[in-house]
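Top line first, the protein sequences correspond to chains A, B and C.
With the working numbering applied, the first sequence covers 1 to 214.
With the working numbering applied, the second sequence covers 1 to 92.
With the working numbering applied, the third sequence covers 1 to 299.
Do not rely on the hints blindly, as some may be mistaken.
Unchecked claim - FRET-style restraints, in silico, Cβ to Cβ:
| id | chain 1 | residue 1 | chain 2 | residue 2 | range |
| --- | --- | --- | --- | --- | --- |
| 1 | C | K30 | B | I76 | 35 to 41 Å |
| 2 | A | A195 | B | I54 | 51 to 57 Å |
| 3 | A | M203 | B | E42 | 40 to 46 Å |
| 4 | C | Q274 | A | R85 | 23 to 29 Å |
| 5 | C | V251 | B | K81 | 38 to 44 Å |
These are calculated hints, taken from the structure and not from any lab test.
All figures in this text were calculated on a predicted structure; none of them were measured in a lab.
Glycine residues also receive a C-beta, built at the ideal position from the N, C-alpha and C atoms.
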Amino acid sequence: MTERAQLLIELADDELILGWRNSEWTGIAPFLEEDVAFSSIAQNEIGHARALYELAARELDTDADALAFDRKPEEYRCAPLVQLRFVPDWARTIARHVLYETADAIRIEHLKEHEDAALAGVAAKIEREEVYHRLHAEMWLDRLGREARYTEAVEELWPYALGVLAPELRPALAERVDRPEVDAVERHAPGEEFAELWNEMTMVRRSAPVGAQW
Amino acid sequence: MIWEVFRQERKGQPFTHGGSFHAPDQAFADAYAREFYARRGESVALWVVPREAINAIEEFPDEFDLKYRRVDGYSIKARLKEARDRAGTTAD
Amino acid sequence: MEAREQEFLDYVQGGGLVETDDWMPDEYRKRLIKFIEMHGNSELMGVLPERDWILRAPTLQRKLALTAKIQDEVGHCQLIYRVVEDLGKPRERCLDDLISGKSKFHNVFHYPTKSWGDVGVIAWLVDAAAIISQKALLKCSYAPYARVMKKVCWEESFHILHGRDTVLAMVTGTAEQRELVQEAINRWWEPLMHFHGTAIPAEEDPMVIWRIKSQGNEEARQQFLEGYVPQILELGLEIPDPKLRRNDECVWEYTEPDWDKLLAVVTGHGPASQERLEFRRLSRAETDWVSKVVLAEAA
Chain A
1 MTERAQLLIE
11 LADDELILGW
21 RNSEWTGIAP
31 FLEEDVAFSS
41 IAQNEIGHAR
51 ALYELAAREL
61 DTDADALAFD
71 RKPEEYRCAP
81 LVQLRFVPDW
91 ARTIARHVLY
101 ETADAIRIEH
111 LKEHEDAALA
121 GVAAKIEREE
131 VYHRLHAEMW
141 LDRLGREARY
151 TEAVEELWPY
161 ALGVLAPELR
171 PALAERVDRP
181 EVDAVERHAP
191 GEEFAELWNE
201 MTMVRRSAPV
211 GAQW
Chain B
1 MIWEVFRQER
11 KGQPFTHGGS
21 FHAPDQAFAD
31 AYAREFYARR
41 GESVALWVVP
51 REAINAIEEF
61 PDEFDLKYRR
71 VDGYSIKARL
81 KEARDRAGTT
91 AD
Chain C
1 MEAREQEFLD
11 YVQGGGLVET
21 DDWMPDEYRK
31 RLIKFIEMHG
41 NSELMGVLPE
51 RDWILRAPTL
61 QRKLALTAKI
71 QDEVGHCQLI
81 YRVVEDLGKP
91 RERCLDDLIS
101 GKSKFHNVFH
111 YPTKSWGDVG
121 VIAWLVDAAA
131 IISQKALLKC
141 SYAPYARVMK
151 KVCWEESFHI
161 LHGRDTVLAM
171 VTGTAEQREL
181 VQEAINRWWE
191 PLMHFHGTAI
201 PAEEDPMVIW
211 RIKSQGNEEA
221 RQQFLEGYVP
231 QILELGLEIP
241 DPKLRRNDEC
251 VWEYTEPDWD
261 KLLAVVTGHG
271 PASQERLEFR
281 RLSRAETDWV
291 SKVVLAEAA
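So here's chain A without its partners, still in its complex pose (with noise of 0.2 Å):
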């Protein structure tokens, strides 16, 4: 697999399975209208893990949901981070969505210049939605900021976010959230709770033949 696909698949997986986390929240978020928020940037999400996979198909001669479904549990690339289960902790939910969006902007500021043409394209269209999801963020960062479970969770999870950069950009996210740089949960193969939670996600496309219609 050429890098460019490997970096396609990672960054596609991470927001296919965040996305996936933050579904689980639809229906019994908080309160109504967060719920209707928060359930349409668990969709952006989604949508940019399909764009992503999409471009990734192409080069690997496949579709995008064979890439989101058909693999082995150990073939996925997501980041340690996307793959906890928080629900029904929305302080640890809110905490990663801070972080997390905080290192894609770096990520994704990254993409925009790189040299291959259809990935910058690509990025450029996340970065555009994405400012939501930051003002998104930063609403509850400045609501939930001072709560101790807040401050926590945040404290909890700073490695894990660390380890969704590449670690010459994770300087920029230390500085940008103002914590010390520290040592990252780096991307491992996934183990178990990954494993749980990618049964789930593919024992209904498993119950038929590879290639069915749905």
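Assemble chains B and C onto chain A, guided by the hints.
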């Protein structure tokens, strides 16, 4: 706090009332207004205001004849006919 | 009936519309709150059978569509509870009464879902049954509710298409996929026949008398059967009612539903009623702190 949203469907159209929701401040209200009244691209513009900023007026005096300042207060048919008859310009 | 109440009744029966701050008889206000609250409750509870399937959706497109559909339903609940609030009952109390079992929600949301077949059948047929009622509510005498119904009907239009498309993909897929749909129809037919309620004549239905509803229950059910039975049969699917047929007067005949069972279900004895209410109670307990921090008033 309750907020009210007015939405414009297309440029040139008037802003009409969309609905209301709960939000603690303008940042939240703007985010929720986008979600409820524009997530499908159904509005080109939104006005988002606290409910308390809106003053409702529902009673209006209607004591004397105000037709003099409305179109339905004027009926020129008879006089117009008389004027045309005098001028000999009545159509046959 | 007092003179003022009679005047109001004549007014609404003549097509008059009522706004939030208008005077209204106590009975009208009470019935309105109860009816609209039940609608809001139903949108909120309707999310629960479907939300698990977002996580299991077999393609990215279906995942997006299902998430958007459920998001719409949460949004509708918000719009509908706002109407109830402006009539005098705070949202928090609506949630209290829902969770305690004091207020009701529609029968169809008391049933479990078992497969992706349910996802298609619910989005297609349950939403179809609901839209028939919602379209009739566009003529509700209480204008704020009618206006909300306009937005609701507009948003719901894609739900049925998404449902039907999901079903079509399965009935043109493998034999097992087709069987999932048939099996789902077999289970959902009874709740669908219950959905519009007992055939109380429109003239005797207080909700119609006050022009809160503009359509009798049987009329709604007939509309559903007329629209959707042909759509089901043309796919080669079966409907589990041997008596179901359209007679010479173009009226659909069917096996009389068990109305006692409907009553039992809506009073909390459906197969998933208690489990779902408990789930709501728990979710709310775990996130209540957020509303208190953010909304100061509770959500």
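Hints, verified against the model:
no.: 1; hint: C:K30 - B:I76: 35 to 41 Å; verdict: violated, 54 Å
no.: 2; hint: A:A195 - B:I54: 51 to 57 Å; verdict: holds, 54 Å
no.: 3; hint: A:M203 - B:E42: 40 to 46 Å; verdict: violated, 35 Å
no.: 4; hint: C:Q274 - A:R85: 23 to 29 Å; verdict: holds, 25 Å
no.: 5; hint: C:V251 - B:K81: 38 to 44 Å; verdict: violated, 60 Å
Hint violations for this structure: numbers 1, 3, 5, all remaining hints satisfied.
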